[in-house]
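Protein chains: 2
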Amino acid sequence: MDFLKDLKFDDKGLIPAVVQDATNGEILMVAYMNDQAVKQTIESGLVTLWSRSRQKYWVKGESSGHTQTVKEVFYDCDGDTLLIKVEQKVAACHEGYRSCFFRKVENGVGKIIAKPLFDPKKTYDK
Amino acid sequence: MDFLKDLKFDDKGLIPAVVQDATNGEILMVAYMNDQAVKQTIESGLVTLWSRSRQKYWVKGESSGHTQTVKEVFYDCDGDTLLIKVEQKVAACHEGYRSCFFRKVENGVGKIIAKPLFDPKKTYDK
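Protein sequences, first through last, are from chains X and C.
Quick note: the first sequence uses numbering that gives the first Met the number 0, first residue 0, plus one each step.
Quick note: the second sequence uses numbering that gives the first Met the number 0, first residue 0, plus one each step.
Worth flagging that the hints you see were computed from the coordinates, not collected in a lab.
Take these hints with a grain of salt, some might be off.
Identical copies go unnamed one by one, so any copy, or any two together, can satisfy a pair.
[Claimed, not checked] Taking lysine to any residue and the SDA-like style, the derived pairs with C-alpha atoms no more than 25 Å apart in a straight line are: (1) K120 / E86; (2) K4 / K114; (3) K7 / K38; (4) K88 / L116.
The following block holds chain X by itself, in its conformation from the complex (with noise of 0.2 Å):
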């Protein structure tokens, strides 16, 4: 894990993370992980992050099934975010939909521009 030198956590030891659907460049959402997380999330090949509220690691998908596999990484020329390739499991957002991202902005206001994929009240009520 030579490359871990090259980045530079913030001041609370994290370092966010776009994350991208593989398949058609989408952007899924935008997360936070600490060095170990980095470590776990490219030995495990599944993105693996820590969780700022309720600081604890956490394989994304774990309770939902909704996992994201591994398929490259990168890191931006200041070394203090990463891009993770990731095939997608049905959907990245807690909320249902497929991207964390499905708010537009038109005319100024927030507008929701796409379906969500599942019930989160039946996906994580279980």
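Fit chain C to the given chain X structure using the hints.
Same frame as chain X, now just chain C:
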């Protein structure tokens, strides 16, 4: 700019913006905006950033001419990340590459996988 109330800026008053090529879906860069930079980006139609290192606004491409014309703006479920689809002139990266994500992790090592489109020395030392 009603959607601004949906956005969550961090403790420094910033929000990350993923900038994506509207034509081919390539991720060009991730940069940071404060609320004024978000407004200015939408009103002017040119990506405008808040430089954390220089503590000033800058229109992306103002010195190089490599501007980013805004095509579409999205934000995520948590309201803490923007996605801006743009028309990129020449290249986004100050190191001369089309995308800032020109390093790919291969067997744990960062490898340059792109060719620069311009010479930064010639572009910025004018």
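Results for each hint:
Taking the shortest alpha-carbon separations for K120 and E86, only the intra-copy value of 24 Å comes in at or below 25 Å, while the best inter-copy value is 39 Å. For a Cα distance limit of 25 Å, the shortest separation of K4 from K114 across copies, 23 Å, qualifies, whereas the shortest one inside one copy, 41 Å, does not. Proximity of K7 to K38 under the C-alpha cut-off of 25 Å is restricted to the intra-copy arrangement: shortest distance 14 Å within a copy versus 29 Å between copies. Only within a single protomer do K88 and L116 lie at most 25 Å apart by alpha-carbon distance; the minimum there is 11 Å, versus 36 Å between protomers.
Checked against the numbered hints above, the structure violates none of them.
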